[in-house]
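So the protein lines, in turn, are chains A and B. Mind the numbering: the first sequence is residues 1 to 344 in full-length UniProt numbering, read in order. Mind the numbering: the second sequence is residues 1 to 344 in full-length UniProt numbering, read in order.
Some clues are possibly wrong.
Listed below are several chain A residues computed to face chain B (Cβ distance under 8 Å; list not exhaustive) [claimed, not checked]:
(1) LEU209
(2) THR249
(3) THR252
(4) ARG263
(5) GLY273
(6) PHE275
(7) ASP276
(8) LEU277
(9) VAL281
It should be emphasised that the hints constitute simulated quantities derived from the structure, not laboratory data. For glycine and all other residues, C-beta sits at the position ideal for the given N, C-alpha and C.
There are 2 protein chains.
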Amino acid sequence: MTAGEVVVVGGGIIGLAVAWRCVQRGLAVTVHDDGGDDGAWYAAAGMLAPAGEAGFGQDTLTELMVESAGRWPAFAAELARETGIDVGYDSTGTLTVALTADDLAEAQRLWAYRRSLGLGVSPLGPSALRDLEPALSPRLRGGAHAPDDRQVDPRRVVAALRAILGDAVVRRRVDEVPAGVPVVVAAGSGTARLTGLPVRPVKGLVLRLRGEPGVLRHVVSGWADGRHVYLVPRADGEVIVGATQEERTDHTVTAGHVLDLLRAATDLVPVLGEFDLVETVVRHRPATPDNAPLLGAAGDVIVAAGHHRNGVLLAPVTADLIADLVAWGKPDPLLDAFSPGRFV
Amino acid sequence: MTAGEVVVVGGGIIGLAVAWRCVQRGLAVTVHDDGGDDGAWYAAAGMLAPAGEAGFGQDTLTELMVESAGRWPAFAAELARETGIDVGYDSTGTLTVALTADDLAEAQRLWAYRRSLGLGVSPLGPSALRDLEPALSPRLRGGAHAPDDRQVDPRRVVAALRAILGDAVVRRRVDEVPAGVPVVVAAGSGTARLTGLPVRPVKGLVLRLRGEPGVLRHVVSGWADGRHVYLVPRADGEVIVGATQEERTDHTVTAGHVLDLLRAATDLVPVLGEFDLVETVVRHRPATPDNAPLLGAAGDVIVAAGHHRNGVLLAPVTADLIADLVAWGKPDPLLDAFSPGRFV
Chain A
1 MTAGEVVVVG GGIIGLAVAW RCVQRGLAVT VHDDGGDDGA WYAAAGMLAP
51 AGEAGFGQDT LTELMVESAG RWPAFAAELA RETGIDVGYD STGTLTVALT
101 ADDLAEAQRL WAYRRSLGLG VSPLGPSALR DLEPALSPRL RGGAHAPDDR
151 QVDPRRVVAA LRAILGDAVV RRRVDEVPAG VPVVVAAGSG TARLTGLPVR
201 PVKGLVLRLR GEPGVLRHVV SGWADGRHVY LVPRADGEVI VGATQEERTD
251 HTVTAGHVLD LLRAATDLVP VLGEFDLVET VVRHRPATPD NAPLLGAAGD
301 VIVAAGHHRN GVLLAPVTAD LIADLVAWGK PDPLLDAFSP GRFV
Chain B
1 MTAGEVVVVG GGIIGLAVAW RCVQRGLAVT VHDDGGDDGA WYAAAGMLAP
51 AGEAGFGQDT LTELMVESAG RWPAFAAELA RETGIDVGYD STGTLTVALT
101 ADDLAEAQRL WAYRRSLGLG VSPLGPSALR DLEPALSPRL RGGAHAPDDR
151 QVDPRRVVAA LRAILGDAVV RRRVDEVPAG VPVVVAAGSG TARLTGLPVR
201 PVKGLVLRLR GEPGVLRHVV SGWADGRHVY LVPRADGEVI VGATQEERTD
251 HTVTAGHVLD LLRAATDLVP VLGEFDLVET VVRHRPATPD NAPLLGAAGD
301 VIVAAGHHRN GVLLAPVTAD LIADLVAWGK PDPLLDAFSP GRFV
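Start from the sequences and build out the full structure, keeping to the hints where you can.
What follows is the structure, given as structure tokens:
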């Protein structure tokens with residue numbers, strides 16, 4: 001063991017971001033990853049949306065999301081500067097919309113909660129919504145604008161991080177935690193097997209559509225007859241449609257879920273029916289019993305896992321705080337609420 | 001040129017079946033095909049359904065369909081005997097169903113026409129339908145049983161024909177009709193380019209679902225809120241869901257069409273929502289101005305093309321009659337109505 005050495009187990013967006021920040025702190029880093037694109041990031045739409053994602057009772061998690069959202073512009077700019085890869089950080093803002101009166105009533109309760117946390121959410125009527133986003137259905141009953149919510153393309157972020165780390169990422173399946181060296185376990189759902197901590201896979205299906213660029217401009221998150229869907233348009237005409245949540249480990253693309261996603265997507269934005277369906281992707285989010293991440297020491301290792309739906313958003317703050325902990329042994333007070341010890 | 005030689009241009013189900021019958025008549029046959037699975041047969045569900053397919057005004061075509069349906073049992077048995085490949089010929093019969101009262105009114109007009117042609121179509125009420133096929137939705141307003149309609153697996157039929165023909169199938173893209181040898185043009189939509197005859201591509205999208213074998217037993221062809229869909233269950237749990245019709249040449253999978261097919265399929269058979277969506281396939285049917293095939297001499301060549309939705313059903317009769325014409329110069333009277341000359 002060399003002083004200043006660390007092994008990161010897991011080459012998803014969290015493991016790679018942690019490794020990058022560790023390198024920047026002067027550590028000799030090796031990332032062990034089984035290769036491929038099995039990580040949740042591969043299906044992630046890349047919404048950076050504290051105001052669009054904060055759920056009831058998640059006050060503390062929301063604080064961490066806001067903190068990480070604030071670090072994203074510099075994180076994205078630094079990646080672009082070091083690699084020349086534009087990671088698709090986009091600041092158009094997010095619309096949350098409701099198709100029916102019932103959907104609107106449900107949404108309004110959530111918006112009120114989010115405003116109580118200090119998040120920017122401005123209710124809008126149907127015509128104001130369509131002024132901002134003409135592709136929205138005229139049937140919508142209402143919505144809200146979250147001007148501070150953002151998006152990024154997770155596949156590009158991973159490509160940039162892999163480019164920076166180069167040979168430091170070693171293709172290796174890890175069946176037990178390496179001995180004799182400081183280790184960060186950032187293995188997503190695989191963290192359960194390596195550490196015994198309660199991280200479970202939550203299956204998600206995402207569709208990728210492709211059409212005319214610019215038809216849809218904002219990220220749209222919405223409810224259509226009780227079904228939740230989000231639509232994330234990229235600059236090249238791709239629109240990500242997500243995402244189902246199931247407590248299952250299989251990788252099958254269920255016909256009824258494709259139907260539900262397409263129906264909700266076209267209910268909210270009818271022109272999407274004319275787009276091409278170019279990909280159906282199933283991946284598994286790593287979730288914990290309270291759906292907040294595991295960040296910090298657990299026995300002999302440091303854990304950075306269990307980010308559930310928020311891995312992309314939380315990557316910058318996770319990377320900074322975990323790298324500080326590894327390099328300097330300093331646990332930031334922000335980590336307190338997310339200690340793996342809460343499940344031991 | 002050798003006496004008794006013939007070149008077949010096109011290695012889809014029609015070209016291969018014609019070639020097989022020509023070999024059996026003592027001819028030296030070469031099939032020129034560009035390889036791959038671009039043919040309409042690759043997406044075809046394989047319904048052998050004169051009673052389920054006969055459209056208004058298609059009396060003469062329906063006679064040919066009935067004739068070919070009668071030849072299918074021997075055709076399938078002979079393929080199995082020569083190759084050991086079970087081509088999935090199934091005699092469970094077909095149900096045509098209607099979701100709403102409007103769908104039922106439309107269906108009843110078509111059933112009356114089909115009965116007037118002598119086809120077996122027995123109307124059934126909702127409960128009788130569900131006695132035959134318990135997976136059908138209780139919302140259905142009515143249906144009919146076509147006990148003589150059948151199905152076969154077109155991909156297996158092509159595999160069997162390719163196995164029989166072996167080296168006689170040569171991978172070659174044909175840009176003009178070969179000279180100095182008798183030629184059968186069976187090139188699907190490509191027949192237009194080679195002969196100048198009016199064959200146009202009609203784009204079709206088919207979905208393949210997979211689930212528990214035996215959940216659905218009958219071929220189901222139906223209307224759901226004005227959308228037509230058919231569901232063809234295979235013995236292994238696969239269910240083919242088809243098919244859209246568009247006058248387009250592209251190969252894109254349109255999101256709205258996937259939505260329409262899945263919605264109609266699950267409206268008629270709700271349990272299909274739990275099946276896996278394993279494939280989306282686009283291919284182009286070769287259609288003529290009157291949607292009947294082109295069978296017979298056209299200038300220096302013999303044509304067997306333009307079978308539109310009925311290529312699989314019409315393969316046996318097409319193969320027999322065209323091979324007779326090639327080998328013995330005898331045009332069967334059944335061919336009269338389908339002469340390519342009607343468009344010259």
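Verification of the supplied hints:
no., hint, verdict
1, LEU209, "holds (5 Å)"
2, THR249, "violated (15 Å)"
3, THR252, "holds (4 Å)"
4, ARG263, "holds (6 Å)"
5, GLY273, "holds (3 Å)"
6, PHE275, "holds (5 Å)"
7, ASP276, "holds (4 Å)"
8, LEU277, "holds (5 Å)"
9, VAL281, "violated (12 Å)"
This entry does not satisfy hints 2, 9, going by the numbered hints stated previously.
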